[in-house]
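Engineer: Single-letter residue listing:
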Amino acid sequence: MAVPYPFSAIVAQDGMKQALLLAVVDPSLGGVMVFGDRGTGKSTAVRGLAALLPRMAVVKGCPYSCDPEGVGGACEACRYGGEKKRAWAPVPVVDLPLGATEDRVVGALDLEKALTQGERAFDPGLLARAHRGFLYIDEINLLDDHLVDLLLDVAASGENVLEREGLSVRHPARFVLIGSGNPEEGELRPQLLDRFGLAVDVSTPQDLDDRVEVVLRRDAFERDPEAFTEAWAKETDALSRRLARARRLLPKVTVPPAHLRKVAQLCLSLGTDGLRGELTVLRAARARAALRGGKAVTEADITAIAPMALRHRLRRNVLDDTGSEGRIRRALEETFGAGEAG
Amino acid sequence: MHPFVAALACLRLAPELGGLLLRARPSPQRQRWLAFASAALGVQPLPRVPLGITDDRLYGGLDLSATVRLGRPQLQQGLLAQSHGRALLLPMAERQPEAVLAALQDALDRGVVTVAREGLQGTYPARFILLAVDEGDAGEAAPERFLERLAFPFFEPAVLAPPLALPMEEDLWPEASLIFELLEGDEPLAPGALAALEEGLGAPRARLAAQGPLPRTVVRALGELTDALAVPSSRALGQAALALRCLCAWADCAFEAPEALASAAALVLAPRARQVFASESPPADSPSPAAPPPDSAEAPEPPAAAEGDDQAEDPVTAGLSASTEVLLEAIATSVPEAWLAAASAVAKAQRARAGRVGARTRLAFRGRPRGVRAGALVPGDRLNVPATLRAAAPLAKLRPPPAPGLRFALAPEDFRIQCYETRAATTTLFVVDASGSAALQRLGEAKGAVEAMLADSYARRDEVAMVIFRGEHTDLVLPQTRALVRARRALAGVPGGGATPLAKAVQHATTLAQDIARQGRQPLVVFLTDGRGNIALDGRADRAQAQADTERAARAFAFAGLAGLVLDTGRRPEPRARALAEHLGAAYAPLPRQGARAIAQLVTASRPRSVAAP
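So the sequence lines, in the order shown, correspond to chains A and B. If you're matching positions, the first sequence starts at 0 in numbering that gives the first Met the number 0 and goes up one per residue. If you're matching positions, the second sequence starts at 0 in numbering that gives the first Met the number 0 and goes up one per residue.
Everything labelled a hint here was simulated from the structure, so no lab data went into it. Do not rely on the hints blindly, as some may be mistaken.
Stated by the list, open to error - Some chain A residues close to chain B (C-beta under 10 Å, calculated; not the full set): (1) 96; (2) 108; (3) 113; (4) 125; (5) 221.
Said to hold, decoys possible - 20 Å max Cα-Cα, derived EDC-like pairs, lysine to aspartate or glutamate: (6) A:83 - A:68; (7) A:112 - B:413; (8) A:112 - B:62; (9) A:16 - A:212; (10) A:261 - A:225; (11) A:59 - A:75.
Stated by the list, open to error - From the derived model, a few chain A residues whose C-beta atoms are all more than 10 Å from chain B: (12) 13; (13) 90; (14) 193; (15) 232; (16) 298.
Glycine included, each C-beta is placed from N, C-alpha and C at the ideal position.
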């Protein structure tokens with residue numbers, strides 16, 4: 000595998016970087032949806048992200064990379080099997096390739112075994128490989144509806160259940176779903192959007208200096224990936240340590256009751272459907288607090304992440320022109336008072 | 000140096016530049032260019048991506064006969080992986096389905112293809128140079144996000160016009176320049192000539208590898224130029240920088256060399272320019288602020304001598320550094336207006352295409368599984384392995400013993416193919432009467448109905464399109480789309496008033512509906528009118544003639560077997576609207592007084608099964 004472009008060397012795109020980091024700190028946030036054209040550094044960011052994460056302990060030989068410590072949620076072999084050997088593996092980042100067929104996504108009958116031994120065996124698919132890691136779907140609107148439904152169902156339930164071709168398999172598949180799409184090329188269904196924890200917009204940097212910097216860094220990277228990665232190693236390490244610390248800190252981060260009320264009030268005034276909005280705001284705010292090393296969520300945490308946690312949940316009149324972003328800002332100002340909202 | 004030769008020279012050094020686009024109608028010149036490209040890329044003949052290529056040929060897939068023969072899964076590489084290190088010709092880029100373009104785009108971006116199909120999994124190198132040919136048909140263009148992967152666009156005027164020399168020395172790649180001069184027709188080149196071409200590549204390749212980092216000032220100059228030319232692509236800057244590297248490697252000069260900078264800009268940036276110098280006021284008749292058509296009055300005449308004096312006042316050029324201004328001037332003289340017009344035509348065609356992702360007919364191996372069938376395997380079919388094995392099992396004893404390694408023999412007649420059901424999606428085409436007759440007062444209601452339908456189609460994943468007719472024109476204000484943002488924008492700006500060119504509208508609707516059917520969708524045409532046409536087909540205000548023309552057009556619509564619905568927008572039910580419906584072979588209903596929802600329900604009700612399969 001080629002060297003990925005370092006995450007820390009990505010110019011601008013702060014919203015996307017923050018959303019991805021939050022999803023790493025708290026994988027239960029439920030994934031990130033990135034809106035914007037291809038080639039704005041989305042896939043670069045996702046691949047670079049994996050390099051920031053420490054290797055994880057896995058059960059040796061387990062096709063699902065089960066956690067040797069984890070009892071619940073392990074695959075059948077690991078749950079009931081005897082002694083487990085430990086191995087270390089990088090956090091998987093699985094790209095759902097274009098043109099992937101359903102059998103490779105969910106897994107299917109092992110053709111080789113079926114043909115040579117007449118045996119009915121299961122050949123795990125991409126969902127199995129993505130377990131405990133990230134599943135990245137570029138151009139989610141190019142994907143067939145039934146495949147999207149299937150992915151969302153697995154992402155939400157954390158396990159892949161297969162009943163087809165005479166196979167009956169159930170295995171864990173907990174991953175952070177990262178999707179990208181361009182709303183100009185066809186709207187995504189609201190049910191689909193709602194499943195993503197965070198949603199951010201990316202666009203080409205407008206600032207000339209930024210764009211020049213992008214080209215210079217990209218050029219330097221293409222000429223000599225190793226040297227470039229080396230030059231950014233300090234930043235990468237710092238970010239890596241910050242992430243590790245944030246993950247340790249996360250369970251200890253508290254939310255002051257007053258803020259809880261305000262978050263509920265915020266969601267109420269925006270009229271978001273269901274409770275997922277509130278929960279995501281709280282979780283994302285805690286992740287942000289952990290990321291900056293704080294023990295308690297502050298107003299700044301909430302106001303910073305509220306737009307990305309809520310913008311895709313607003314029940315909107317499909318023909319209403321007011322941007323979701325603007326409505327959230329207004330609601331934030333009303334809830335927290337204009338002065339402190341910044 | 001000829002720009003086309005220069006583009007190929009760059010591509011040979013850096014395949015990461017993606018490739019080139021040739022947007023031109025078929026002509027001897029285009030043929031000659033293609034023949035040269037094939038020679039310069041060292042691949043004769045170029046492998047092509049045919050229209051209608053299936054996913055298994057594109058990505059690769061299970062080689063069924065080999066798999067059955069050998070008894071273990073065998074991958075047959077697809078075109079993407081097969082073309083690694085070579086070149087690939089994409090004819091009729093504008094007609095290729097999104098799925099194919101997306102696959103090519105992904106390979107161009109990453110230089111690899113990942114196959115995850117039919118029990119196979121793997122990543123294979125796929126770095127190729129793509130030669131996309133676009134017929135240059137005014138109405139269609141491949142989407143920008145695909146085309147921007149190709150660093151060098153050439154539009155028809157550039158192909159037909161006498162060559163615009165780049166400000167580079169003629170003999171950077173003398174062998175190639177010579178061949179380009181001498182090449183007649185599309186004869187393949189002698190192997191000796193090809194070898195000579197390859198030999199010329201050695202020295203510049205070595206120089207490219209030895210180059211140092213790009214100076215910031217140089218990239219910045221290119222960046223300023225990108226802004227000044229209003230190049231919409233986010234990739235152009237990086238491509239221009241890489242092209243500059245290649246040109247400098249060929250010419251053995253410094254990055255700062257003005258002729259190299261100007262050439263890189265002329266190759267990559269200039270054809271994408273949406274303006275040469277900013278015009279003082281946006282053109283009044285611009286269809287969209289995104290890409291104003293170049294105002295011919297304000298675009299500078301290439302050899303204008305006084306141009307230099309005016310530039311200081313120009314708002315765009317004002318903030319530029321002196322060196323960029325010099326470059327800009329060099330570009331301005333090398334970009335004929337026709338190029339700008341061509342680029343803006345592409346942009347327009349692309350807008351018409353946007354929102355149609357997924358609209359093309361899907362291959363029939365997706366969707367909900369629906370039983371199996373026996374039969375010959377056609378590429379693209381999916382074998383249902385358990386069913387196939389089940390079919391073969393009872394015959395195992397009867398057949399000659401299987402090949403070594405196989406448990407039992409499979410014969411072609413055992414193949415069981417998985418069938419899938421794809422829901423035929425509907426496209427509802429609204430034909431709205433916005434004339435000054437009785438329809439005008441109900442235009443608002445008609446708009447409301449369309450909006451309600453939009454919201455409805457949003458849930459159903461259907462598409463809508465809208466034609467407005469008034470005065471002398473019928474306008475496709477909303478090309479078929481699922482993108483609500485666009486739909487809403489198109490709807491907001493619909494004016495009312497004027498005469499009623501009903502006959503023309505019916506004709507237009509027929510053509511559009513047939514187009515939709517050709518794309519594998521079911522068209523449903525909803526006319527919102529009072530049926531009182533008063534403009535004949537030839538544009539005269541002749542009520543009797545208009546009536547006759549409308550009737551004829553309506554019969555043609557019925558003859559085409561299209562499904563329709565006439566919603567009478569008259570103040571009270573209008574006999575002529577009913578007559579129109581009869582001629583169209585369409586259902587008729589007066590527009591319900593109360594609100595948009597009722598209309599939407601009416602349209603929805605007329606959809607199921609009554610829609611004739613095209």
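Engineer: Evaluate each hint against the coordinates.
Structural biologist: Hints and how they fare:
Interface restraint check: residue 96 (chain A) against chain B, minimum CB-CB distance 4 Å, threshold 10 Å, status holds. Of the supplied interface hints, the one on residue 108 (chain A) holds, with its beta-carbon coming within about 6 Å of a beta-carbon of chain B, less than 10 Å. About 6 Å separates the beta-carbon of residue 113 (chain A) from the nearest beta-carbon of chain B, less than 10 Å, and the hint is met. A distance limit of 10 Å between C-beta atoms decides the matter here; for residue 125 (chain A) the minimum to chain B is near 6 Å, and the interface restraint holds.
Look at residue 221 (chain A): its Cβ gets to within about 7 Å of chain B, closer than 10 Å, so that hint holds up. Taking the CA atoms of residue 83 (chain A) and residue 68 (chain A), the gap is about 10 Å. The hint holds against a cut of 20 Å. Annotation: proposed proximity of residue 112 (chain A) to residue 413 (chain B) holds, straight-line Cα distance about 18 Å (limit 20 Å). Restraint check for residue 112 (chain A) and residue 62 (chain B): satisfied, since their Cα atoms lie roughly 16 Å apart, inside the 20 Å limit.
About 17 Å separates the Cα atoms of residue 16 (chain A) and residue 212 (chain A), which keeps this hinted pair within 20 Å; it holds. At most 20 Å may separate the alpha-carbon atoms for a hinted pair to count; residue 261 (chain A) and residue 225 (chain A) exceed this at roughly 48 Å. Distance hint between residue 59 (chain A) and residue 75 (chain A) is fulfilled; the C-alpha atoms sit about 14 Å from each other, no more than 20 Å. Every Cβ of chain B is farther than 10 Å from the Cβ of residue 13 (chain A); the closest lies at roughly 17 Å, confirming the non-interface assignment.
Interface exclusion of residue 90 (chain A) from chain B stands, the closest Cβ pair being 18 Å apart, more than 10 Å. Taking the minimum C-beta to C-beta distance to chain B, about 14 Å, the non-interface status of residue 193 (chain A) holds against the 10 Å cut. For residue 232 (chain A), the non-interface assignment is confirmed: its Cβ lies about 19 Å from the closest Cβ of chain B, beyond the 10 Å cut-off. Look at residue 298 (chain A): its CB is around 33 Å from the nearest CB on chain B, clear of 10 Å, so calling it non-interface holds up.
The earlier numbered hint that this structure contradicts is number 10, and it is the only one.
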